[in-house]
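Note that this note's numbering has the sequence shown beginning at 1, numbered continuously upward.
One or more hints might be untrue.
Think about it this way: if two alpha-carbon atoms lie no more than 27 angstroms apart in a straight line, the pair counts; the simulated DSS-like pairs of lysine-lysine are [claimed, not checked]:
| id | residue 1 | residue 2 |
| --- | --- | --- |
| 1 | LYS139 | LYS28 |
| 2 | LYS95 | LYS188 |
| 3 | LYS103 | LYS139 |
FYI, nobody ran anything at the bench for these hints, they're computed from the structure.
Just so we're clear, the structure is a prediction, and the values are computed from it rather than from any experiment.
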Amino acid sequence: MISHQMHETRAQIVGLLRQSARTVPELKNLLGISAMTVRHHLQFLQREGLVRAPQTVRRAAPGRPRFAYQLSPKAAADTPKEFAALAGHLIDAIKSAAGNAEKVFSELVNKLSAESPCAAQTATIESRLDGAATFLSTKGYVASWEQSAAGPLLHTNNCPYDGLAGQHPELCKMDLELITRVTGADVKRVCHAPQGDATCSYLIMPAIGAVQAAG
Numbered sequence: 001m002i003s004h005q006m007h008e009t010r011a012q013i014v015g016l017l018r019q020s021a022r023t024v025p026e027l028k029n030l031l032g033i034s035a036m037t038v039r040h041h042l043q044f045l046q047r048e049g050l051v052r053a054p055q056t057v058r059r060a061a062p063g064r065p066r067f068a069y070q071l072s073p074k075a076a077a078d079t080p081k082e083f084a085a086l087a088g089h090l091i092d093a094i095k096s097a098a099g100n101a102e103k104v105f106s107e108l109v110n111k112l113s114a115e116s117p118c119a120a121q122t123a124t125i126e127s128r129l130d131g132a133a134t135f136l137s138t139k140g141y142v143a144s145w146e147q148s149a150a151g152p153l154l155h156t157n158n159c160p161y162d163g164l165a166g167q168h169p170e171l172c173k174m175d176l177e178l179i180t181r182v183t184g185a186d187v188k189r190v191c192h193a194p195q196g197d198a199t200c201s202y203l204i205m206p207a208i209g210a211v212q213a214a215g
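Make a model of the complete structure from these sequences and hints.
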């Protein structure tokens, strides 16, 4: 019985990590088990080669570092390839049928941003970024932000469209517009995961205005 429960829990963890990278507290809350038990299962999955070594998630404020866990290439390869292919075909169909694909993706941004509790009227850019990072993380981006010499940087440490963004740049443009909406700021992308960077990162500027993409 215990062995079956352990196997089931590990399968649940793998399923959650298929959706997006997760931290121990996130897995603990989703599974309703202790952080120690989550770490035990993650260590087992790492030994089996199914989970990568944890990656540090940047924090906006000082404190203990947070670590996010992702599936290894071995485990990711077990994900049905047909899903990504089907999603790609659906995007192609939308672009062909809609006539104005940009309008379709813009409407999707409208719906997503309407779910965000962040508002451009919020008093400070810091509070807007805290809210934006939390909201984006619920959508699978595992977002965080930090101060830099150039200004605040928002990082998305996971791509919900992994395997699709390279072939469909509209998704990246949609992300840029979504982040502009939920932060209430001008946004300039300075790192781009589909081009080989570790994350997609965005320089945040206080004024609301035109969006610029790096490069």
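Q) Does the structure keep LYS139 and LYS28 at a Cα separation of 27 angstroms or less? A) Since the Cα atoms of LYS139 and LYS28 sit roughly 18 angstroms apart, the hinted pair holds (cutoff 27 angstroms).
Within 27 angstroms, alpha carbon to alpha carbon, are LYS95 and LYS188?
At roughly 25 angstroms apart (the allowed maximum being 27 angstroms), LYS188 and LYS95 satisfy the hint.
Q: Verify the proposed pairing of LYS103 with LYS139, using a straight-line Cα cut of 27 angstroms.
A: The given pair, whose Cα atoms are some 21 angstroms apart, holds under the 27 angstroms limit.
Of the numbered hints given earlier, the model fails none.
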